[in-house]
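Following the hints, position chain P against chain X.
Note that the protein sequences, when read in sequence, are chains X and P.
Residue numbering for the first sequence is 2 to 243, as defined by the working numbering.
Residue numbering for the second sequence is 111 to 270, as defined by the working numbering.
These are calculated hints, taken from the structure and not from any lab test.
Any given hint might turn out to be false.
Heads up, simulated SDA-like pairs for lysine to any residue below, C-alpha to C-alpha not over 25 Å straight-line [claimed, not checked]:
#1 P:K240 - X:G95
#2 X:K142 - P:K175
#3 X:K168 - P:L238
#4 P:K213 - X:A145
#5 P:K142 - X:Q213
#6 P:K142 - X:Q7
#7 X:K233 - X:G195
#8 P:K145 - X:T229
#9 X:K167 - X:I70
#10 P:K240 - X:N187
#11 X:K168 - P:L245
#12 X:K142 - P:V268
#13 X:K237 - P:L138
#14 P:K134 - X:P66
#15 P:K145 - X:P102
#16 P:K142 - X:E225
#17 X:K45 - P:A201
FRET-style restraints, in silico, Cβ to Cβ [stated by the list, open to error]:
#18 X:E6 - P:M152: 16 to 26 Å
#19 P:S124 - X:L48: 17 to 27 Å
#20 P:G123 - X:I5: 37 to 47 Å
Backbone N, C-alpha and C define an ideal beta-carbon position, used for all residues, glycine too.
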Amino acid sequence: MSSIEQKLKNNRLLSLVIVTYIVLGILMPGKALQSLNNSLYYIKEMLIIMPVILLLTSLIEAWVPKKSIEKALGEGSGFKGSIFSFLLGSFSAGPIYAAFPVCKMLLKKGASVSSIVIMLSTWAVIKIPMLANEAKFLGPKFMAIRWIFTTISIFIMAYIISRLVKKEDIPSDDTLNNEETILHINEQCCIGCGICNKISPDNFIIENRKAQVIKKVVKSEENENIKTAIDKCPAKAIGYKD
Amino acid sequence: MDIFTIILWVITGSWFIWSIIKDKKRTLNSIKMSKGLMGNMMGEIIGILFLIGLILTFIPPDTIKQYMGNSNAFISTIVSAFVGSMTLIPAFVAFPLVGSLVKAGANIVPVVAFLTTLTMVGVVTFPLEKREFGLRFTIARNSLSFIFAIIIALLMGVVM
Numbered sequence: 002m003s004s005i006e007q008k009l010k011n012n013r014l015l016s017l018v019i020v021t022y023i024v025l026g027i028l029m030p031g032k033a034l035q036s037l038n039n040s041l042y043y044i045k046e047m048l049i050i051m052p053v054i055l056l057l058t059s060l061i062e063a064w065v066p067k068k069s070i071e072k073a074l075g076e077g078s079g080f081k082g083s084i085f086s087f088l089l090g091s092f093s094a095g096p097i098y099a100a101f102p103v104c105k106m107l108l109k110k111g112a113s114v115s116s117i118v119i120m121l122s123t124w125a126v127i128k129i130p131m132l133a134n135e136a137k138f139l140g141p142k143f144m145a146i147r148w149i150f151t152t153i154s155i156f157i158m159a160y161i162i163s164r165l166v167k168k169e170d171i172p173s174d175d176t177l178n179n180e181e182t183i184l185h186i187n188e189q190c191c192i193g194c195g196i197c198n199k200i201s202p203d204n205f206i207i208e209n210r211k212a213q214v215i216k217k218v219v220k221s222e223e224n225e226n227i228k229t230a231i232d233k234c235p236a237k238a239i240g241y242k243d
Numbered sequence: 111m112d113i114f115t116i117i118l119w120v121i122t123g124s125w126f127i128w129s130i131i132k133d134k135k136r137t138l139n140s141i142k143m144s145k146g147l148m149g150n151m152m153g154e155i156i157g158i159l160f161l162i163g164l165i166l167t168f169i170p171p172d173t174i175k176q177y178m179g180n181s182n183a184f185i186s187t188i189v190s191a192f193v194g195s196m197t198l199i200p201a202f203v204a205f206p207l208v209g210s211l212v213k214a215g216a217n218i219v220p221v222v223a224f225l226t227t228l229t230m231v232g233v234v235t236f237p238l239e240k241r242e243f244g245l246r247f248t249i250a251r252n253s254l255s256f257i258f259a260i261i262i263a264l265l266m267g268v269v270m
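Extracted from the complex, chain X is given alone in its bound form:
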């Protein structure tokens, strides 16, 4: 596939909108201009808020001690576990499916079902950088009230689900500690951040916005770079599989 075709496929919405504008520009130039003008305000606002959100996300990623929160979360459940999973969800980056493997790992380490519900839901709806964006476009009051209601709902939901679902209901896949397992990326979870490629360009590349393993590596050949990449992957999408 040519690279232009690939770009079009990756940006379906954008391509569609551009085509609409071109057609409109030919048929009804007035309307096209009016639409551009209408968009201008939102583009300007987005340009003001985007860099600061990018920066905030990076700073949270760099300085919030997620590793120690994860550790504390694994050891005990109860009220402390709920608060820790709430924090972890609030300070994470990426879409909800990026949270699945992280939660799975925490479950294995001993986190409770209610902690996992809290973390998944917080991860989905109330991340700090998202709150900033919401306040920008819908107003701080709207954001604050929705935050309060959502937080309360999440804790109630966690309680109900922990009553309905026991830990035994959740399938556990034992990651084999076999030396023969092969390095593998769970493509559905990868968010294409490119961090593994930067850490270990020999082993990972980004193709079509997803990371891929370049060559076959078995567990016994694991080196420091691969270890770091597995550890740093924000979606916990890198692992071994047989």
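Chain P alone, transformed into the frame defined by chain X:
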């Protein structure tokens, strides 16, 4: 610039300066990662922003007000919640779109329902979630999230 954005810039800016002084490499690495994350969404973000212009031009505020305003808030809330469950666009992109609808006169109850189910309920990610956590957990979490999204929306309508 509104006061909120200024405060956000000041806080983030000072944190950034502190971060650069404390550990330059760590800061820059982390920025690179977020840039990759955002870069993936860039096309969608720009697309939605230009789409807003089209919507506002072709669907006049009066029509938005009529359909998403006062008429039958309950039904439009349920519909919005379903639409939100089905779509998988980043919330980051949804806020300007939804903001423009509210400005044009849309009722906030359906809007909140949409925003909440958009991120919390995932029909598209259902198989993935089921594989990781099992059917029971996935059904319980998604359906409860849907119900609570509507409750949150109705409460927001009362308070705001």
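Hint by hint, here is what the structure shows:
1. P:K240 - X:G95: Given that 25 Å is the threshold and the Cα spacing comes to 19 Å, the pair holds.
2. X:K142 - P:K175: Distance ~22 Å between X:K142 and P:K175 Cα, so the pair holds.
3. X:K168 - P:L238: 18 Å, holds
4. P:K213 - X:A145: 18 Å, holds
5. P:K142 - X:Q213: 19 Å, holds
6. P:K142 - X:Q7: 24 Å, holds
7. X:K233 - X:G195: 11 Å, holds
8. P:K145 - X:T229: Judged against 25 Å, a Cα distance of about 20 Å means the pair holds.
9. X:K167 - X:I70: 23 Å, holds
10. P:K240 - X:N187: 15 Å, holds
11. X:K168 - P:L245: Roughly 13 Å between the alpha carbons, so the hint for X:K168 and P:L245 holds.
12. X:K142 - P:V268: 14 Å, holds
13. X:K237 - P:L138: Judged against 25 Å, a Cα distance of about 21 Å means the pair holds.
14. P:K134 - X:P66: 17 Å, holds
15. P:K145 - X:P102: It holds: about 22 Å lies between the C-alpha atoms, which stays within 25 Å.
16. P:K142 - X:E225: 21 Å, holds
17. X:K45 - P:A201: Given pair X:K45, P:A201 holds - Cα atoms ~19 Å apart, limit 25 Å.
18. X:E6 - P:M152: 16 to 26 Å: Between X:E6 and P:M152, where Cβ atoms are some 19 Å apart, the hint holds.
19. P:S124 - X:L48: 17 to 27 Å: 21 Å, holds
20. P:G123 - X:I5: 37 to 47 Å: 39 Å, holds
In this structure, none of the earlier numbered hints is contradicted; all agree with it.
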